[in-house]
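Add chain B to chain A, keeping to what the hints say.
Residue numbers (the UniProt record's numbering), protein chains in the order written: chain A, 1 to 391; chain B, 1 to 285.
Hints were generated in silico from the structure; no laboratory data involved. Nothing here was measured: the structure is a model prediction, and the numbers come from that model. Using N, Cα and C, we set each Cβ at its ideal position, and we do this for glycine too. Just to be clear, a hint being listed does not mean it is correct.
[To be verified] Which residues of chain B face chain A? A partial, calculated answer using Cβ under 8 Å:
(1) Val-83
(2) Asn-87
(3) Arg-90
(4) Ala-91
(5) Thr-94
(6) Gln-96
(7) Cys-110
(8) Thr-121
(9) Ser-123
(10) Ser-124
(11) Ala-125
(12) Leu-128
(13) Val-129
(14) His-131
(15) Asp-132
(16) Pro-134
[Stated by the list, open to error] Think about it this way: if two alpha-carbon atoms lie no more than 25 Å apart in a straight line, the pair counts; the simulated SDA-like pairs of lysine to any residue are:
(17) B/Lys-174 x B/Lys-206
(18) B/Lys-2 x A/Ala-188
(19) A/Lys-15 x A/Ile-65
(20) A/Lys-187 x B/Gly-71
(21) B/Lys-25 x A/Pro-159
(22) B/Lys-104 x B/Glu-70
(23) B/Lys-93 x A/Ser-77
(24) B/Lys-2 x A/Pro-231
(25) B/Lys-108 x A/Glu-226
(26) B/Lys-25 x B/Lys-164
(27) B/Lys-93 x A/Val-155
(28) A/Lys-187 x B/Glu-136
(29) A/Lys-187 x B/Lys-174
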Amino acid sequence: MDCVVTGGNVKVLAKAIHSLSRIGDELYVEPQEDGLALRSVNSSRSAYACFLFAPLFFSRYTIPIGLAFRCKMAIKSVQAVFRSIATLEKTVEKCHIELDEQKNLLTFTLHCKHGLVKTHNLSFQDSESLQAVFDKDSYSNVFRSHPRLLVDTVVHFPPSLEEVTVSVSDDRMWVKNHVEDETDRSKAMLTELCLASDEFDHFSVQVQNSVTFCLKELRGLLVFAESTGLPISMYFDEPGSPVVLSVTDSVLEGNFVLATLSDDSNLRKNNTKRACTPPPPPDDFMNDDMDSYLIAMDTSVMPGPSASRPPSPPLTNSTSLKQTAAAKHRTRLPSEEEEEEEEEAVNSSGPPNKKFCSLFFGSVLPPSSQMTTQPLTGQEVLASDSEDDVQ
Amino acid sequence: MKFRGKIIDVACLNHFTRVITTISKLTKMCVLRLTPLNLFFVLSGKVANGGVSMWCELSQENFFDEFQMEGVSPEDNEICLEVTPENLSRALKTVQNARAVKLKLTSKHCPCLTIAAELPTLSSASRLVTHDVPVEVIPRRLWHEFKEPGMPDFDVSIYLPPLKTMKNVIDRMKNLSNFLVVEANLSGQMNLKIDTDLVSVSTHFKDLGNPPWGAEGSQQGGPSPSRDPDAMARTRVDIRKLQQFLVGQQVNPSKAMCNIVHERVVHLILLHEDVSLQYFIPAVA
Chain A
1 MDCVVTGGNV KVLAKAIHSL SRIGDELYVE PQEDGLALRS VNSSRSAYAC FLFAPLFFSR
61 YTIPIGLAFR CKMAIKSVQA VFRSIATLEK TVEKCHIELD EQKNLLTFTL HCKHGLVKTH
121 NLSFQDSESL QAVFDKDSYS NVFRSHPRLL VDTVVHFPPS LEEVTVSVSD DRMWVKNHVE
181 DETDRSKAML TELCLASDEF DHFSVQVQNS VTFCLKELRG LLVFAESTGL PISMYFDEPG
241 SPVVLSVTDS VLEGNFVLAT LSDDSNLRKN NTKRACTPPP PPDDFMNDDM DSYLIAMDTS
301 VMPGPSASRP PSPPLTNSTS LKQTAAAKHR TRLPSEEEEE EEEEAVNSSG PPNKKFCSLF
361 FGSVLPPSSQ MTTQPLTGQE VLASDSEDDV Q
Chain B
1 MKFRGKIIDV ACLNHFTRVI TTISKLTKMC VLRLTPLNLF FVLSGKVANG GVSMWCELSQ
61 ENFFDEFQME GVSPEDNEIC LEVTPENLSR ALKTVQNARA VKLKLTSKHC PCLTIAAELP
121 TLSSASRLVT HDVPVEVIPR RLWHEFKEPG MPDFDVSIYL PPLKTMKNVI DRMKNLSNFL
181 VVEANLSGQM NLKIDTDLVS VSTHFKDLGN PPWGAEGSQQ GGPSPSRDPD AMARTRVDIR
241 KLQQFLVGQQ VNPSKAMCNI VHERVVHLIL LHEDVSLQYF IPAVA
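One chain only, chain B, in its complex shape:
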């Protein structure tokens, strides 16, 4: 089992750091899956993390100038590690001006993901910094827990309003309630509502547009064509989970979408060129 990657380009390094910082805001621990083509950051929806799950997919060649890996075996050419994204984020943040940054799997006092960087100096010699982030190697028998979650059989899919606007709305609502109802329909309308004994607040968004899931969508489920375009699908969620998602995100997605399975789950998707981040927030009764 071997892994080594090198990032030279400053923009790539910066982008990679932002993705990992975003993930670090969503979860304390997650699983990093390395394959010859991709990196995945995975959080599976366990009760311990509030039922929230996450799937973030990066294409390695968009970030790394060199990427070498050897999985546990030729048929299972993957490496699965449990990491603390905050440590990775902190390490990467301090090496933003590096000439080159290397990520490698090392065996030190324990298995580590080592981030080694060569920092520029005024003198001829370079300044080297290494951060050893302890990781736990996940045995193959547990890998099945970290597969890509299937696209849920959603009732409504809708583009999100600007995330900043949404964040501002939800930040205020959070002071009033712990739970939020997200509802949307197929004619581009979305409402964010809170409802308590004292107050009811709702914010309405319109003309958001509904992503065309089309033919390929039909085999994965997707909204049934017979659905009334004005019928709302709604899910009540923990407002902190949604807020966490909006506060932490630093990806500046080119597309942000939300799929709602009526009274089951809110599925958020951020797409940005080479990065996709999916986040599932389960319904609360």
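Next up, chain A with everything else stripped away, as it sits in the complex:
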């Protein structure tokens, strides 16, 4: 492989690597005929990101014909090459990425102003191909907006917050912080943001539902999208199936696939509640009635939190609803996951860090021709992978 990136594209490449570093510890590099693919996955395999830079992105892009090559390396070392984006922008004129097959080194050469040349030789490991299985076009809910909208949305949530819940109706989207259990709920600050559909460039909802996913990876993509100014598209379906966030340009494509919480009773309760009592229209803001904010309470006794909660009957309702939803999900599974049954088994053997499903993963084994050139067998690859999970 031998490719050259020039001018402003160096910064784009650098930003992509920085946003991949929010996902996992390793960078998977795969030069393909349709461009250079950079990928990363987190240790619990609940988040995956891929950037594909088309040959036109480069001023030179050559890959050896007929020989598939792929490798992985510590993303930190690649990040070090592009450490300071600000100085990179000012000084670097050209970035040359070359694979030295004799020495097994991937070489990044930065040609800077005043004839300064910085060379980084990075060693790498052979790897299996990393490929998440998802089909954006089959998703029922699709949104597209300028990254600014999402940046302005996530700014309301504290950096320590792990997950957000996104709910949609025909003309609105709500984003709120996700709090795990009931005891936390009484202490945690709850933040909810309501966005109208006309703030989006594209807003199409077929199924009104909610999904909960990690904020950290979304923030990672925002870093990239904001600097390039590319609109972000968001695709999601039902809880449990991954949400896809993507940016597309004529010369590059980035996809972030994030697992969503599948079994969340709170969420479902909220959903049922929302279904019967639609949220108040936004225009009541200025002239709402103070009486609705009454706290009914006896001054001598502290009010129990249960006083304000709806009565219990909905609970039985919600569990049955949960069951049907789960059943529905199960019936969906085979059709979606046919071709990756064995990978499924691998994933489930690893310790899942969260309740997230990491079911969207297919780690495709190298083709048999590749196997002969590599000392690794399929088994070993899988073993090293599950070690990653343990870390």
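For chain B alone, coordinates are given in the frame of chain A:
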């Protein structure tokens, strides 16, 4: 029990946010007392918070364009809530560019102080954000713990030097010692001292001026007229408490004063138009 307030003016919102951020730097939890005219943030000097107490008083009409409240009863027309000022500060910081911000007491999953803001957008519809900050409603039988602390019967009262200067001095002293002696007299001199086995450092300020507590001061105590103007009153305090006060403050006070009760307490007062912040640091042996 009802409360609702609305802030429209950006400067008011900004000022209110700074006051609350200052308080959030001083304490994790405090009590918010709402009365028809004022808001009070109160920290009573319990052992759990190191004996430090705080009293911050805001006049509601200087901040709020609308302010409606109904206390627990007509005779006790007040609301007392335990809040986490950091949550309020964080919520307010993200809505600085809002068209309007509402603060209201709501009953959601638990009693909450809800901060609702209408944010500007490019489209016709507005963007709404709500932050529900959980609060605990304090029953009336505990209210007596959150009354305004009386002016201590101080020996010396003095204006503070510029707070930034003081902060720079104390930041350095903190590396050397955990305790600091604050001493001052009635002829405008103040010293900040640390004393350890290895080193003694003292910083002297002069011509600071002593506030005239005068006639009204005399009935509250105040320095006795017979006191020798050059006699120092001193108190040894936990240096972190004083540093916290200087680091966190974002009020830019028009007046900053310090009252010292000899070997008992340091009482700091910041005044800024409509806001007053009092902070009591007890002496350590």
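How the hints compare with the structure:
no.	hint	verdict
1	Val-83	11 Å, violated
2	Asn-87	5 Å, holds
3	Arg-90	6 Å, holds
4	Ala-91	7 Å, holds
5	Thr-94	5 Å, holds
6	Gln-96	11 Å, violated
7	Cys-110	5 Å, holds
8	Thr-121	6 Å, holds
9	Ser-123	4 Å, holds
10	Ser-124	7 Å, holds
11	Ala-125	3 Å, holds
12	Leu-128	4 Å, holds
13	Val-129	5 Å, holds
14	His-131	5 Å, holds
15	Asp-132	4 Å, holds
16	Pro-134	6 Å, holds
17	B/Lys-174 x B/Lys-206	22 Å, holds
18	B/Lys-2 x A/Ala-188	22 Å, holds
19	A/Lys-15 x A/Ile-65	29 Å, violated
20	A/Lys-187 x B/Gly-71	24 Å, holds
21	B/Lys-25 x A/Pro-159	18 Å, holds
22	B/Lys-104 x B/Glu-70	12 Å, holds
23	B/Lys-93 x A/Ser-77	36 Å, violated
24	B/Lys-2 x A/Pro-231	44 Å, violated
25	B/Lys-108 x A/Glu-226	35 Å, violated
26	B/Lys-25 x B/Lys-164	16 Å, holds
27	B/Lys-93 x A/Val-155	10 Å, holds
28	A/Lys-187 x B/Glu-136	10 Å, holds
29	A/Lys-187 x B/Lys-174	34 Å, violated
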